[in-house]
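Novice: Below, each chain spelled out in residue letters.
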Amino acid sequence: MNWLGQGVDRAGKIAWIAALAILCVAPFLGVYPIFVAQALCFAIFAMAFNLLLGYTGLLSFGHAAFFGGAAYVTAWLLQEKHLTPELALLGGVAGAAAAGAVVGAIAIRRQGIYFAMVTLALSQMLFFFFLQASFTGGENGLNGIERGKLFGLIPLDNDLALYFFVLAIFVGVFLLVLRIVHSPYGQVLKAIRENEPRAISLGYNVDRYKLLAFVLSASLAGLGGALKVVVMHLATLGDVRWEQSGEVILMTLLGGLGTFAGPAVGAFVVVGLQNYLSDRAGSWTTVIIGAIFVLCVVAFRKGFVGELLAWQKRRAKKA
Amino acid sequence: MTEIFGVPIQALFGQLMLGLVNGSFYALLSLGLAVIFGLLGVVNFAHGAMYMLGAYIAWLGYDGIDLTHVQVGSSVLNLGVKFQFNFWVALLVGPLVVGLVGVVVEKAMLKRLYKLDPLYGLLLTFGLALIVQGVFLQYYGSSGQSYDTPEALTGATNLGFMILPNYRGFVVAASLVICFGTWFLIERTRLGSMLRAGTENPALVQAFGVNVPLMVTLTYAGGAALAGLAGVLAAPVIQVTPLMGSNLIIVVFAVVVIGGMGSIIGSIVTGLVLGLVEGLTRVFYPEASNVVVFFIMAIVLMIRPAGLFGKEK
Numbered sequence: 003m004n005w006l007g008q009g010v011d012r013a014g015k016i017a018w019i020a021a022l023a024i025l026c027v028a029p030f031l032g033v034y035p036i037f038v039a040q041a042l043c044f045a046i047f048a049m050a051f052n053l054l055l056g057y058t059g060l061l062s063f064g065h066a067a068f069f070g071g072a073a074y075v076t077a078w079l080l081q082e083k084h085l086t087p088e089l090a091l092l093g094g095v096a097g098a099a100a101a102g103a104v105v106g107a108i109a110i111r112r113q114g115i116y117f118a119m120v121t122l123a124l125s126q127m128l129f130f131f132f133l134q135a136s137f138t139g140g141e142n143g144l145n146g147i148e149r150g151k152l153f154g155l156i157p158l159d160n161d162l163a164l165y166f167f168v169l170a171i172f173v174g175v176f177l178l179v180l181r182i183v184h185s186p187y188g189q190v191l192k193a194i195r196e197n198e199p200r201a202i203s204l205g206y207n208v209d210r211y212k213l214l215a216f217v218l219s220a221s222l223a224g225l226g227g228a229l230k231v232v233v234m235h236l237a238t239l240g241d242v243r244w245e246q247s248g249e250v251i252l253m254t255l256l257g258g259l260g261t262f263a264g265p266a267v268g269a270f271v272v273v274g275l276q277n278y279l280s281d282r283a284g285s286w287t288t289v290i291i292g293a294i295f296v297l298c299v300v301a302f303r304k305g306f307v308g309e310l311l312a313w314q315k316r317r318a319k320k321a
Numbered sequence: 015m016t017e018i019f020g021v022p023i024q025a026l027f028g029q030l031m032l033g034l035v036n037g038s039f040y041a042l043l044s045l046g047l048a049v050i051f052g053l054l055g056v057v058n059f060a061h062g063a064m065y066m067l068g069a070y071i072a073w074l075g076y077d078g079i080d081l082t083h084v085q086v087g088s089s090v091l092n093l094g095v096k097f098q099f100n101f102w103v104a105l106l107v108g109p110l111v112v113g114l115v116g117v118v119v120e121k122a123m124l125k126r127l128y129k130l131d132p133l134y135g136l137l138l139t140f141g142l143a144l145i146v147q148g149v150f151l152q153y154y155g156s157s158g159q160s161y162d163t164p165e166a167l168t169g170a171t172n173l174g175f176m177i178l179p180n181y182r183g184f185v186v187a188a189s190l191v192i193c194f195g196t197w198f199l200i201e202r203t204r205l206g207s208m209l210r211a212g213t214e215n216p217a218l219v220q221a222f223g224v225n226v227p228l229m230v231t232l233t234y235a236g237g238a239a240l241a242g243l244a245g246v247l248a249a250p251v252i253q254v255t256p257l258m259g260s261n262l263i264i265v266v267f268a269v270v271v272i273g274g275m276g277s278i279i280g281s282i283v284t285g286l287v288l289g290l291v292e293g294l295t296r297v298f299y300p301e302a303s304n305v306v307v308f309f310i311m312a313i314v315l316m317i318r319p320a321g322l323f324g325k326e327k
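Chains as they are written, first to last, in the working numbering: chain A, 3 to 321; chain B, 15 to 327.
Please keep in mind that the hints were generated in silico from the structure rather than gathered at the bench.
Keep in mind the model is a prediction, meaning the values are calculated, not measured.
There could be a bad hint or two in this list.
[As the list claims (entries may be wrong)] Just a few of them, taken from the derived set where beta-carbon distance is under 8 angstroms, the chain B residues facing chain A: (1) L32; (2) R126; (3) Y134; (4) L137; (5) Y153; (6) Y154; (7) T168; (8) P227; (9) L228; (10) I264; (11) A268; (12) L315; (13) M316; (14) P319; (15) F323.
The C-beta atom is built at its ideal place from N, Cα and C for all residues, glycine as well.
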């Protein structure tokens, strides 16, 4: 497993394999597979987002546009064009990649805080597009979407088949992002994050690297959104709202910014929390999510995985 | 009736006036954002929530805030006071209360983040916006509340080419006075010069004996108060809802990007002009009126990445 990268130690690999094993047996232990599948979609979203924020240092405040936009495309392809799920997913990802190329090309002209504001504004523009376009169903969204048969063979109506399909894609994305961040290309991204002028002076065409990172991140975010349509049978305006863009930031922050597995952990925590709260707290959920956001920024900036890694480092130093 | 490009001239001027009113709010809000960003380096995502708070203070004041029956859990507290105030008092109370909220936010939370990446300030205020918005949704629901135009400003004046509702004229005039007052304060007074110096080099200004932390707190409170004032002014012309700030703030962000964050005059002019452009779009191509500001932002970024009035650092 050396190609997984030198940056990952034994303990990390063991933890990942253990997590995968748990995910494989979870549906047989009475965990509702659709819930886990939904969390996995958000985990893909958060990992895609972290590729940009954690490894390139670009805070996009508009990633919901790619997540929800791909969801609309996929839902439309499934419902109106009757494509098989894998083709519909590809269509959604292609849509997100195209949108990512346009938004990215404009946004990388500014840095830091401006980058965040520009992505937010452009994603709001896409939001109004989706609100007014005829194929999205406006306020109602697209509902009752059939999952169809994978490759025309495997019916995904079976929750278990669906679950393992989603899990397989998640593992694929996990390995792909891992490969990206440990590749020479990923090293350049980190160099840009640490010191952009220096990367420029070393002769790297920084804008091209950033744009590619943006498109990759948007495409994978789109994959998460597209997959969510297959899992949940619907695509709604909620997925393209800016609150959704904020939520993926919270997932990343809560799990551990710049750590590899943190965003996925954060996604599980936030989705789990929302499911737990929606029955008990109702409309207080937003308030609680906001409060966690504030607490996280003020006192828990390393996130779960970040704290764990720091603790491990402290222990290693002592020994 | 006279027409221009097939649009009745009355309707055209009506929409332009509406655009100017919206532009006044953009100008007030982006001005506050610019002032806060200038000294604190924080993009105040809570600005929309503060604007909403201002509008609710006006609305609640009109309705009466009864503190003789405050429900806390199952017990009822009697604080022995009942507030009820009209629009003119709200114009004072609104900014004051929102400014005080700003003091608390800055002292309790933002202060801890200045040494970190400015992104954390954005994220913190985003969380605060979610909390405030959520609490108001819980108590007042998402349906809009209407607020009566103050009596002295009801009615309309016939200007010959259009009929101007008095209140709208008042909003534009008031926001112009406030915007240029703020500009004067920052660009032409001693206090303003200390503020600007603090933006350039806080350590040096501190060494000259200026209480920089206090200045920072008051700046944040001042920006928040401007947002609160915009909210009170907006209450009679829009529906007061908990979500009124959340969509507006993103347009204001775009306004700020177009104008360039560095410039105070820039944010005022850009705000007013973009309001007008939006009004014109509503007349000639209504489908695009929601997105025209974002579209202009994209074009400006391609031609002048630093914004129309901004300086490239």
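Novice: Verify the interface restraint on L228/B: the C-beta must sit less than 8 angstroms from at least one C-beta of chain A.
Specialist: 21 angstroms, violated
Novice: With chain A as the partner, please determine if Y154/B meets the hint condition of a C-beta pair closer than 8 angstroms.
Specialist: With a minimum Cβ separation of about 11 angstroms from chain A (threshold 8 angstroms), the hint on Y154/B is violated.
Novice: Do the numbers back the hint for P319/B, that is, is its least Cβ distance to chain A under 8 angstroms?
Specialist: Constraint on P319/B satisfied, holds at 4 angstroms.
Novice: For the restraint on R126/B, tell me whether the closest CB of chain A is nearer than 8 angstroms.
Specialist: Holds: closest Cβ of chain A sits about 6 angstroms from R126/B, inside 8 angstroms.
Novice: Does the CB of T168/B sit less than 8 angstroms away from some CB of chain A?
Specialist: 34 angstroms, violated
Novice: Restraint: I264/B near chain A, CB-CB cut 8 angstroms. Satisfied or not?
Specialist: 5 angstroms, holds
Novice: Against chain A, run the beta carbon of M316/B and see if the smallest gap drops under 8 angstroms.
Specialist: 7 angstroms, holds
Novice: Given F323/B as an interface hint, is its Cβ closer than 8 angstroms to any Cβ of chain A?
Specialist: 14 angstroms, violated
Novice: Quick check on the hint: Y134/B CB to chain A CB, less than 8 angstroms?
Specialist: 5 angstroms, holds
Novice: Taking 8 angstroms as the limit, does the beta-carbon of A268/B come near enough to a beta-carbon in chain A?
Specialist: 4 angstroms, holds
Novice: Does L315/B pass the interface check with chain A, least Cβ-Cβ distance below 8 angstroms?
Specialist: 5 angstroms, holds
Novice: Per the CB criterion, is L137/B less than 8 angstroms away from chain A?
Specialist: Hint holds; L137/B Cβ to chain A Cβ min 5 angstroms, cut 8 angstroms.
Hint compliance for this structure: hints 1, 5, 6, 7, 8, 9, 15 are not met, and every other hint is.
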